[in-house]
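Participant: Numbering-wise, the sequence shown is residues 3 to 364 according to my numbering.
A portion of the hints provided could be inaccurate.
Within a straight-line C-alpha distance of at most 20 angstroms, the following computed EDC-like cross-link-like pairs (lysine to aspartate or glutamate) qualify [claimed, not checked]: (1) Lys249 / Glu259; (2) Lys121 / Asp195; (3) Lys121 / Asp158; (4) Lys249 / Glu161; (5) Lys249 / Asp163; (6) Lys121 / Asp163.
If you're looking for bench data, these hints aren't it; they were derived computationally from the structure.
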Amino acid sequence: MSALHLRGVLLDGTAEGERTGELWVTSDGRISLDPVPDARTVADGSWILPGLVDAHCHVGIGPEGAVDLETAREQGHTDAAAGALLVRDCGSPVDTRPLDDDPRMPEIVRAGRHLARPKRYIRGLPIDLEPDELPAAVAEQARANPWVKLVGDWIDRGEGDLAPLWPDDVLRAAIDAAHAEGARVTAHVFGEDALPGLIGAGIDGIEHGTGLTDTTIAMMAERGTVLVPTLINVENFPEFADAAGDKFPRYGTHMRELYARAPATIAAAIEAGVPVFAGTDAGGGIVHGRIVDEIAALARVGLGSARALAAACGDARAWLRRPGLVDGAPADLIAVADDPRVDPDTLRAPALVLRAGTRLLP
Numbered sequence: 003m004s005a006l007h008l009r010g011v012l013l014d015g016t017a018e019g020e021r022t023g024e025l026w027v028t029s030d031g032r033i034s035l036d037p038v039p040d041a042r043t044v045a046d047g048s049w050i051l052p053g054l055v056d057a058h059c060h061v062g063i064g065p066e067g068a069v070d071l072e073t074a075r076e077q078g079h080t081d082a083a084a085g086a087l088l089v090r091d092c093g094s095p096v097d098t099r100p101l102d103d104d105p106r107m108p109e110i111v112r113a114g115r116h117l118a119r120p121k122r123y124i125r126g127l128p129i130d131l132e133p134d135e136l137p138a139a140v141a142e143q144a145r146a147n148p149w150v151k152l153v154g155d156w157i158d159r160g161e162g163d164l165a166p167l168w169p170d171d172v173l174r175a176a177i178d179a180a181h182a183e184g185a186r187v188t189a190h191v192f193g194e195d196a197l198p199g200l201i202g203a204g205i206d207g208i209e210h211g212t213g214l215t216d217t218t219i220a221m222m223a224e225r226g227t228v229l230v231p232t233l234i235n236v237e238n239f240p241e242f243a244d245a246a247g248d249k250f251p252r253y254g255t256h257m258r259e260l261y262a263r264a265p266a267t268i269a270a271a272i273e274a275g276v277p278v279f280a281g282t283d284a285g286g287g288i289v290h291g292r293i294v295d296e297i298a299a300l301a302r303v304g305l306g307s308a309r310a311l312a313a314a315c316g317d318a319r320a321w322l323r324r325p326g327l328v329d330g331a332p333a334d335l336i337a338v339a340d341d342p343r344v345d346p347d348t349l350r351a352p353a354l355v356l357r358a359g360t361r362l363l364p
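Construct all of the structure, not just a fragment, from the sequences and the given hints.
Facilitator: Here you go:
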């Protein structure tokens with residue numbers, strides 16, 4: 003790999019940080035802030051920023067469930083080519099670690115397998131457990147992954163509507179077990195009822211969060227609990243409701259209500275100071291490579307363009323404990339023609355995408 007040189011406006015990927023300058027990429031794919039001899043200029047006058055982050059992604063899941071490793075590779079390539087060079091895989095039944103040596107794959111921060119109760123999540127995706135088994139299973143996942151993914155609520159066929167999966171005391175024991183192993187915990191939650199127990203038990207993140215209320219928003223803001231609202235997936239809620247048909251009418255009505263108030267709910271969480279990050283929920287019903295759509299949706303719902311970019315770039319990288327455009331970091335970066343803090347659509351046509359110095363686009 004030859005050394006590269008980039009010149010332009012260097013963004014740190016937050017809402018405000020920028021400086022006019024230049025950087026170099028060494029032959030081993032790392033950023034250098036000192037000149038590198040014989041480097042070839044590949045961007046001049048561009049806006050240069052760290053690779054984007056998809057904070058809720060499922061590499062290894064397709065519309066029919068688990069996919070083979072080569073399909074998972076294609077999913078990762080699609081995300082990376084769209085600029086999402088860091089993804090938090092928020093639960094997958096496929097061990098994608100064999101793909102880590104592929105230079106065209108994004109860096110994957112994993113959450114292992116979904117943990118759910120029997121018949122309380124999508125068939126074939128989770129490890130099915132009874133409540134008394136959850137703390138030990140969480141500890142096992144935490145020893146192998148930096149995140150653990152719980153299914154916090156799902157349809158209870160007896161009730162005909164969304165309902166929590168886990169008792170509060172079990173959640174406290176499970177989350178404590180993950181934290182003891184140095185891992186963080188997040189949970190899928192659509193409705194209202196599971197949120198107080200999860201947040202009160204010390205969970206680190208909530209996925210979707212369409213059932214948030216003033217009370218649970220205040221709990222999250224006080225504790226610093228993160229929200230990844232997956233807005234482009236929330237657009238599918240009417241379809242989920244229609245699929246319930248006459249069999250689960252309460253569930254169908256509930257999902258339509260959650261959908262209708264979702265923009266106001268997420269806007270209220272933003273206004274209250276809940277940390278919000280961008281995640282597409284790619285896999286299953288959402289195709290990969292849509293991180294810019296999620297940035298645009300967050301901008302519309304109350305973050306504005308600059309903060310929405312930060313939620314999918316510099317702020318998200320700091321939250322996931324990954325570097326940006328700093329000396330010695332992997333050269334995961336993109337270059338675009340205009341300021342993406344003003345117009346996120348410029349991210350749809352990057353002039354350059356580098357993953358650890360490997361040129362993915364053009």
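Participant: Regarding the pair Lys121 and Asp158, is the alpha-carbon distance no greater than 20 angstroms?
Facilitator: Since the Cα atoms of Lys121 and Asp158 sit roughly 9 angstroms apart, the hinted pair holds (cutoff 20 angstroms).
Participant: Regarding the pair Lys249 and Asp163, is the alpha-carbon distance no greater than 20 angstroms?
Facilitator: Cα-Cα ~11 angstroms, so holds.
Participant: Within 20 angstroms, alpha carbon to alpha carbon, are Lys121 and Asp163?
Facilitator: holds (14 angstroms)
Participant: Starting from Lys121, check that the Cα of Asp195 is at most 20 angstroms away, please.
Facilitator: Roughly 19 angstroms between the alpha carbons, so the hint for Lys121 and Asp195 holds.
Participant: For a C-alpha distance cap of 20 angstroms, please report whether Lys249 and Glu161 respect it.
Facilitator: holds (11 angstroms)
Participant: With the threshold set at 20 angstroms, check whether the alpha-carbon distance from Lys249 to Glu259 stays at or below it.
Facilitator: Measuring from Cα to Cα gives roughly 18 angstroms; hence the hint holds.
Every hint, counting from the list given before, is met by this structure.
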